[in-house]
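Place chain B on chain A using the hints.
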Amino acid sequence: MSPELGHFALALAVAFAFAQAILPLWGAWRRDARLMQAAPAIAIGQLVALGTAYAALVWAAVTDDFSVLNVAENSHTLKPLIYKISGSWGNHEGSILLWCLILAMCGGAVAVFGRALPASLRARVIGVLGLSACGFELFALLESNPFARLWPAPVDGRDMNPLLQDPGLAFHPPLLYVGYVGFAIPFAFAIAALLEGRVDAAWGRWVRPWTLAAWCCLTGGIALGSWWSYYELGWGGFWFWDPVENASLLPWLTGTALLHSAIVVEKREALKVWTILLAIGTFSLSLSGTFLVRSGILNSVHSFASDPSRGVFILGLLALVIGGSLLLFALRASLLSSSGLFAPVSREGALVLNNILLCSIAAVVMTGTIYPLFADLLFGAKISVGPPFFNATVLPLAVPVFIAMSLGPALSWKRADLGAAVLRLWWVAVAAVAAGLFALIGMQALPALAFGAAVWIILGAIGEVVERIRLFRVPVAASAARFAGLPRGSFGTTLAHAGMGVTIAGIAGMSLAQESITLTKPGEGVPLAGYVFTLVDLHDAPGPNYASRVADLRVTRDGAPVALLSPSRRTFPVQKMTTTEAAIHTTGFSDLYAVLGDERDGAAVLRLHYNPLAPWIWFGALIMAAGGGISLADRRLRVGAPMRARASAAAKA
Amino acid sequence: MIRKMGTRKKRRMAVLLACGLGLGSATVLTLSAFRDTLVFFVAPSDMASKAPGPGRVFRLGGLVESGSLRRGMEDSRPDARFRITDGAATVEVTYVGILPDLFREGQGVVTLGTLERDGVFHAREVLAKHDETYMPKDVADALRKSGRWNPASGPPPQAALWNTLGAAKP
Numbered sequence: 001m002s003p004e005l006g007h008f009a010l011a012l013a014v015a016f017a018f019a020q021a022i023l024p025l026w027g028a029w030r031r032d033a034r035l036m037q038a039a040p041a042i043a044i045g046q047l048v049a050l051g052t053a054y055a056a057l058v059w060a061a062v063t064d065d066f067s068v069l070n071v072a073e074n075s076h077t078l079k080p081l082i083y084k085i086s087g088s089w090g091n092h093e094g095s096i097l098l099w100c101l102i103l104a105m106c107g108g109a110v111a112v113f114g115r116a117l118p119a120s121l122r123a124r125v126i127g128v129l130g131l132s133a134c135g136f137e138l139f140a141l142l143e144s145n146p147f148a149r150l151w152p153a154p155v156d157g158r159d160m161n162p163l164l165q166d167p168g169l170a171f172h173p174p175l176l177y178v179g180y181v182g183f184a185i186p187f188a189f190a191i192a193a194l195l196e197g198r199v200d201a202a203w204g205r206w207v208r209p210w211t212l213a214a215w216c217c218l219t220g221g222i223a224l225g226s227w228w229s230y231y232e233l234g235w236g237g238f239w240f241w242d243p244v245e246n247a248s249l250l251p252w253l254t255g256t257a258l259l260h261s262a263i264v265v266e267k268r269e270a271l272k273v274w275t276i277l278l279a280i281g282t283f284s285l286s287l288s289g290t291f292l293v294r295s296g297i298l299n300s301v302h303s304f305a306s307d308p309s310r311g312v313f314i315l316g317l318l319a320l321v322i323g324g325s326l327l328l329f330a331l332r333a334s335l336l337s338s339s340g341l342f343a344p345v346s347r348e349g350a351l352v353l354n355n356i357l358l359c360s361i362a363a364v365v366m367t368g369t370i371y372p373l374f375a376d377l378l379f380g381a382k383i384s385v386g387p388p389f390f391n392a393t394v395l396p397l398a399v400p401v402f403i404a405m406s407l408g409p410a411l412s413w414k415r416a417d418l419g420a421a422v423l424r425l426w427w428v429a430v431a432a433v434a435a436g437l438f439a440l441i442g443m444q445a446l447p448a449l450a451f452g453a454a455v456w457i458i459l460g461a462i463g464e465v466v467e468r469i470r471l472f473r474v475p476v477a478a479s480a481a482r483f484a485g486l487p488r489g490s491f492g493t494t495l496a497h498a499g500m501g502v503t504i505a506g507i508a509g510m511s512l513a514q515e516s517i518t519l520t521k522p523g524e525g526v527p528l529a530g531y532v533f534t535l536v537d538l539h540d541a542p543g544p545n546y547a548s549r550v551a552d553l554r555v556t557r558d559g560a561p562v563a564l565l566s567p568s569r570r571t572f573p574v575q576k577m578t579t580t581e582a583a584i585h586t587t588g589f590s591d592l593y594a595v596l597g598d599e600r601d602g603a604a605v606l607r608l609h610y611n612p613l614a615p616w617i618w619f620g621a622l623i624m625a626a627g628g629g630i631s632l633a634d635r636r637l638r639v640g641a642p643m644r645a646r647a648s649a650a651a652k653a
Numbered sequence: 001m002i003r004k005m006g007t008r009k010k011r012r013m014a015v016l017l018a019c020g021l022g023l024g025s026a027t028v029l030t031l032s033a034f035r036d037t038l039v040f041f042v043a044p045s046d047m048a049s050k051a052p053g054p055g056r057v058f059r060l061g062g063l064v065e066s067g068s069l070r071r072g073m074e075d076s077r078p079d080a081r082f083r084i085t086d087g088a089a090t091v092e093v094t095y096v097g098i099l100p101d102l103f104r105e106g107q108g109v110v111t112l113g114t115l116e117r118d119g120v121f122h123a124r125e126v127l128a129k130h131d132e133t134y135m136p137k138d139v140a141d142a143l144r145k146s147g148r149w150n151p152a153s154g155p156p157p158q159a160a161l162w163n164t165l166g167a168a169k170p
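The listed protein sequences derive, respectively, from chains A and B.
Heads up, the first sequence is in our numbering, so the first residue is 1 and it goes up one at a time.
Heads up, the second sequence is in our numbering, so the first residue is 1 and it goes up one at a time.
So that you can see chain A by itself, here it is in the shape it has in the complex (with noise of 0.2 Å):
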């Protein structure tokens, strides 16, 4: 019964995106104030009528109803509960109905969260997202139905790809798609921004909280899919510049340009079509990084829900959302006209390198994902492009970027003195300086160059709220006053730039990471890095849906114990298939990681890894997505915008 009620409100949902997509841009179009005010009410039905077919399939994976093909393909009676529920994003029709469901969320906090809105901007924001999500929807519908029936109904299911049975899937999927689908918003904006022929403050002020929101997701959802394969994986790796990390890479770095152009227009009224551009790129950047992977014409080690039958209509839905956006801005750009003037050397020509720097390094690293595809088809060439080539490029350009966030904040509006910036800044570049020259004697350049660009960063970043609290030049009681009035965002942008330098360290302290791979007998031990790691016993330990092979390894330093790590094998009866569990222990500062091979007469092959401030990296993602949260919990933001007349008496004042 309930995968039909699914499958019933699956159509639903589609009728109501027509709906949505038609009614209210047709009101906006027409003036008509009946149709304008129902947009809201569409995009919340919308959302009941998907969140009861998601429901639905969640339901029919609890309950085992293998009589459902998705289900049956992919799920087991023993699976336990959590990858039952979190399977149903772990395979293709459920990751595009989820993906779908994100996206009549979107609608759904537009017009819950948007009741401030102008009517008009309001009605052709919702319309926008419906018409985005008519395509996909249909797509769920007619050629990836999460619903279809299998008969007969097998006894049981054939289990999912044990690779996935981690509780890396119950996070990391659906946060990355939030912060995916979330660039949808600014992308309505920006295409409402483009049919209403005007972009002012207000649009940048009710634009920035969307992106931010989105951009925190999609930040902690790659840190957290980063995460995923270095423990899970059992390479030891973080980030392999494979076309799905880039994927994710692409939107992020687009949406991080529009993030601060998007201040610009906010603060003065500058950059408005290049503000409108990036929207229309991040989030074309993100329909065609999920789907271009989704459809299997990219290929990549780590895409699960991949099946490239269904190509066809993916790559049909994209030509029409990129094209028809950028047909609609190339016809209508030219009506938004900026009036906010400034001299190259500013906060807003900072930002404005920021954006530059930003997409020229998307520009690089699109272009490294997509060659291999286009060498092929073109020329017939076998080729690939690993991480040489994005290190390459990707790292000369990244420096300009590491030296600007720091100097950007300190530049003042419209007009600055870069002289007195970087005099202002002295202590950071000597600290930065030292502490390069520091590391070049324990370690190679870049690495070095690494270290000395997170403390310029760190130090830039805490730096500002000084400069701002007047610390030491005004009493202490003065500086903690200032401290207290200072408003959420300059935080935000505080811990978000630091929370870049921390993982910047993190990145360059993997370069020193020691590894060792031998072949032990049980009462051997390994030294690695000043610990001994000693391999106690090997023994069989069961699961519930998987037996598994366990070597218990002693880590000790100088005599004393230190750690007790349990790297396993795990052997899945029903995929037949084995996965390596990697065993970590993490002091904050360094990692040990142990992963257990194949055994050979008693003896069992080990890799060791000590990372030292391996953990850094996802710690500073988790400190610049806390950043953009605490921006989004910033007064002026949440305040409301002001309305309309207000905003243009303001600028022209």
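Be aware that one or more of the hints could be misleading.
Claimed, not checked - Taking lysine to any residue and the SDA-like style, the derived pairs with C-alpha atoms no more than 20 Å apart in a straight line are:
id : chain 1 : residue 1 : chain 2 : residue 2
1  : A       : K521      : A       : K414
2  : B       : K9        : A       : S334
3  : A       : K382      : B       : R35
4  : B       : K50       : B       : S66
5  : B       : K145      : A       : D200
6  : B       : K10       : A       : L373
7  : B       : K9        : A       : L336
8  : B       : K145      : A       : A375
9  : A       : K382      : B       : L127
10 : A       : K414      : B       : S76
11 : B       : K9        : A       : A343
12 : A       : K414      : B       : L17
13 : B       : K145      : A       : L377
14 : A       : K382      : B       : R56
15 : A       : K414      : B       : F40
16 : A       : K382      : B       : V15
17 : A       : K382      : B       : L31
18 : A       : K414      : A       : D552
19 : A       : K576      : A       : R158
20 : A       : K576      : B       : D101
21 : B       : K10       : A       : S339
22 : B       : K9        : A       : G340
23 : A       : K414      : B       : K9
24 : B       : K9        : A       : D552
25 : A       : K521      : A       : T534
26 : A       : K521      : A       : D552
27 : A       : K521      : B       : S76
28 : A       : K382      : A       : V399
29 : B       : K10       : A       : S337
30 : A       : K382      : B       : F34
31 : A       : K521      : B       : G72
32 : A       : K521      : B       : E74
Everything labelled a hint here was simulated from the structure, so no lab data went into it.
If you're wondering where the values come from, they're calculated on a predicted model, not measured in any experiment.
Just chain B now, kept in the frame of chain A:
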């Protein structure tokens, strides 16, 4: 008014210059990196004609020949030796480390490494897809090219069969 136009023009020039500089350096970096870091895919039967010289990293893909996997020690580090085949030719591969969980004889595999003077391919990375029915696209193309598999006739055969069937075909 004229002065204002001047500053506007100057500002635009500065922005355009910065854009050009950003895109220009991105292009230069991309092209120079392409020259040095592109990694070519080579099938076993192309090894004689197309393989880059010693020291240059490239990818070698094919099916792991059945019965070819030997595990041993090299410099007191555990290593694995196996042969990769596309039906027409085979290449000896050595790899130090832990093979991926999905590495099996008879399955498609892509390795990254260098061909050394001893004629053995020294793999740094061994990639097996996280899916046992998966055939790496490059490997499938190489098999099709060597005439050992017609995609229209169904999924690729197991390598175990190919080692015997291969000789019968032209």
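Discussion item. To test your reading of the hints: which numbers does this structure violate?
Written reply: 1, 4, 5, 6, 10, 15, 16, 18, 24, 28
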